[in-house]
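**Student:** Protein chains in written order, with the UniProt record's numbering: chain A, 1 to 123; chain B, 1 to 123.
Simulated from the structure, these hints should not be mistaken for laboratory data. Everything numeric in this text was worked out from a predicted model, so none of it was measured. Incorrect hints may have been included.
Copies of the same chain look alike in the list, so a pair counts if it fits in one copy or across any two.
[Claimed, not checked] Mimicking EDC-like on lysine to aspartate or glutamate, the simulated pairs with C-alpha atoms at most 16 Å apart in a straight line are:
1) Lys84 to Asp13
2) Lys21 to Glu69
3) Lys84 to Asp117
4) Lys84 to Asp6
5) Lys84 to Asp122
6) Lys84 to Asp123
7) Lys21 to Glu75
8) Lys84 to Glu102
9) Lys84 to Asp25
10) Lys84 to Asp36
11) Lys21 to Asp93
12) Lys21 to Asp117
13) Lys21 to Asp122
There are 2 protein chains.
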Amino acid sequence: MTGHTDPVTSSLDPSIAARLKRSPDGLVAAIVQQHDTGEVLMLGWMDDEALARTLTSDRATYWSRSRQEYWVKGETSGNRQWVKEVRLDCDGDTLLVKVDQEGPACHTGTRTCFDADVLLADD
Amino acid sequence: MTGHTDPVTSSLDPSIAARLKRSPDGLVAAIVQQHDTGEVLMLGWMDDEALARTLTSDRATYWSRSRQEYWVKGETSGNRQWVKEVRLDCDGDTLLVKVDQEGPACHTGTRTCFDADVLLADD
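Isolated chain A (complex conformation):
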């Protein structure tokens, strides 16, 4: 039993909930992109309730798989994400969340979570 909200008890619009194809632990992937520059900032995970809060609060909310709790991005660090646009992909298991990121998105202090480890570089 996971700690997060059952889809039937979340506040997510039922017509959106019906289109989600959740992982076995009830989550969809959320690709987070800076709305104006196009930088891919991070990948997070959302259950129905995290998505509902993201759609209605202007602030990106995720489900932390490691801590098993909701987290509002930037709540402790101040590096907040202001939600601009949210899209669902063709098979309903991935969100594209366009945000305005304050400061670094990565907990390591870099702008994005993809800044440090380049496996293959563009020529």
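Given the coordinates of chain A, work out where chain B should sit on it, guided by the hints.
**Tutor:** Same frame as chain A, now just chain B:
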């Protein structure tokens, strides 16, 4: 037992393999982005062998969770992805794959997998 290659028998560089944090079914998420425009095209999944092939062949290769087989993007459709850059995120479970996408990335015929379903629109 899944059908894909065990990490120890894949051709992936061991120093890269050691940095991956795989899901229970041995996969990492791969965010696919058009290298010049910044469009997020799709989310795929890779095991060690798919990543090895992506890094060495110029063409993006994924592990299909539904079909339980490797797929080289565009092999049947012609909508090929030419790999420009590959990055690993801070906690080793997500790749950012920058590609040059020929034609539509989505099997529905749209440019990206996020074109059809807007949950929240930018003002």
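**Student:** For each hint, tell me whether it holds in the structure or not.
**Tutor:** To see whether the hints hold, each was checked on the structure:
1. Lys84 to Asp13: neither (18 Å within a copy, 39 Å between copies)
2. Lys21 to Glu69: Close neither inside one copy (21 Å) nor across copies (20 Å); limit 16 Å.
3. Lys84 to Asp117: between (28 Å within a copy, 15 Å between copies)
4. Lys84 to Asp6: neither (26 Å within a copy, 41 Å between copies)
5. Lys84 to Asp122: This pair counts as between: shortest inter-copy Cα distance 5 Å, intra-copy 30 Å.
6. Lys84 to Asp123: Between. Shortest inter-copy distance 8 Å satisfies the 16 Å Cα cut-off; intra-copy 33 Å does not.
7. Lys21 to Glu75: The answer is neither: 28 Å in one copy and 26 Å across copies each exceed 16 Å.
8. Lys84 to Glu102: within (13 Å within a copy, 28 Å between copies)
9. Lys84 to Asp25: neither (27 Å within a copy, 33 Å between copies)
10. Lys84 to Asp36: For Lys84 and Asp36, the Cα distance is within 16 Å only inside one copy (10 Å; across copies 22 Å).
11. Lys21 to Asp93: within (5 Å within a copy, 20 Å between copies)
12. Lys21 to Asp117: Between copies only: 14 Å across chains, 31 Å inside a chain, cut-off 16 Å.
13. Lys21 to Asp122: neither (34 Å within a copy, 24 Å between copies)
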